[in-house]
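Using this note's numbering, the letters of the sequence shown correspond one by one to residues 60 to 317.
Think of the hints as simulated: they come from the structure by calculation, not from any bench. Keep in mind that this is a model prediction, so the values were computed, not measured. Not one of these hints is a red herring.
With beta-carbon atoms standing in for the labels, derived distance ranges:
#, residue 1, residue 2, range
1, Pro110, Asp83, 40 to 48 Å
2, Arg207, Phe143, 22 to 30 Å
3, Asp138, Trp114, 33 to 41 Å
4, Arg207, Val161, 27 to 35 Å
We put the beta carbon where it would ideally sit given N, CA and C, even for glycine.
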Amino acid sequence: MASSSPTARRVPPAGGARGRSSSDENIYLFIPNLIGYARILLAVVAFAYLPTNPWIAMASYSASALLDALDGHAARYFDQSTKFGAVLDMVTDRSTTACLLVHLAAAHPSYAPLLQFLVALDLSSHYLQMYASLTTGADSHKHVSADRYHWLVRYYYTDRRVLFVVCALDQLAYVVAYLLGWPGSGGGGGGGGSGAAVGVVARGSVAWSVLAAVGAVAGVVCVFKQVLNVVQLVNACQSLAAVDRLARAKGKGKEKMR
60 MASSSPTARR VPPAGGARGR SSSDENIYLF IPNLIGYARI LLAVVAFAYL PTNPWIAMAS
120 YSASALLDAL DGHAARYFDQ STKFGAVLDM VTDRSTTACL LVHLAAAHPS YAPLLQFLVA
180 LDLSSHYLQM YASLTTGADS HKHVSADRYH WLVRYYYTDR RVLFVVCALD QLAYVVAYLL
240 GWPGSGGGGG GGGSGAAVGV VARGSVAWSV LAAVGAVAGV VCVFKQVLNV VQLVNACQSL
300 AAVDRLARAK GKGKEKMR
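Full structure from sequences and hints, please.
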C-alpha cells in the first residue's frame with residue numbers, strides 16, 4: 060500500500076542528506092520500496108515451500124501480505140509516496156495471489172476453472188484500474204474520483220480500515236483453503252501421502268473445525284472482494300472510455316479550427 064497519499068509528518072527521505080534535491084533522490088531505496096522488496100523475497104520463500112512445508116509457506120506468505128499495510132504507513136510517514144512504489148505494491152499483490160491460486164488449481168483440478176477465473180478477474184480488474192488512474196493523472200489506483208466510481212469502490216479505497224480488513228480476510232480465505240486442502244487434512248489435493256500425520260490438522264479435530272469456521276467467515280469477505288473487482292473493472296473501463304471520448308472531441312475540435 061505504498062501508494063497512499065501523504066498525510067502524516069514529513070521527514071527527510073531515507074539515505075538522503077538534508078537539502079538534497081528531489082532529482083537526486085534514489086527512489087529505489089525509499090523505505091516503502093525496500094519493504095516491497097522484502098515482500099517479494101518472503102513470497103519467493105513461500106512458493107518454494109508450498110509443495111513441501113505448509114507452515115513455512117503460509118508463515119512467509121502471511122508475513123508478505125501483512126507488510127502490504129506497513130509500506131503504506133511508511134510512505135505516508137516519510138513522505139515517500141511514488142508511482143513506482145504504487146505499481147510495485149499492486150504488482151506484488153497480484154503476483155503473489157495469482158501464484159497461490161495457481162498452486163491450488165494444480166492441487167485441486169476440479170476447482171481449476173473457478174480459480175483460473177479468480178486469477179483473470181483479479182489481474183484484469185487491477186490492471187485496468189491502475190492504467191485508468193495513471194491515465195487520468197492520479198498517483199495511485201487507490202485514488203478514485205467521486206464522479207466516475209461506484210460508492211462501494213470509493214468507500215473501499217478511502218477507508219483504510221475497510222481496505223485492510225477486506226484484503227486481509229480475502230488472503231486468509233486462500234490460506235485456509237491451502238491448509239485444509241493439504242494431504243491428510245481432509246481436503247485431498249496434491250503432494251502425496253495420506254492420514255492425519257501428514258496433514259496440517261486432522262479432519263474432525265477441534266483445530267480443523269476452528270480453521271474451517273475461520274475460512275467460512277473469510278470466504279464471505281473473499282466473495283465480496285470479487286464483487287468489488289467486478290465493479291472496479293466496469294468503472295475503470297468507463298473511466299478510460301470517458302478519457303477517449305474527451306480526447307476524440309478535442310481532436311475533432313482542432314480539425315475544425317484548421
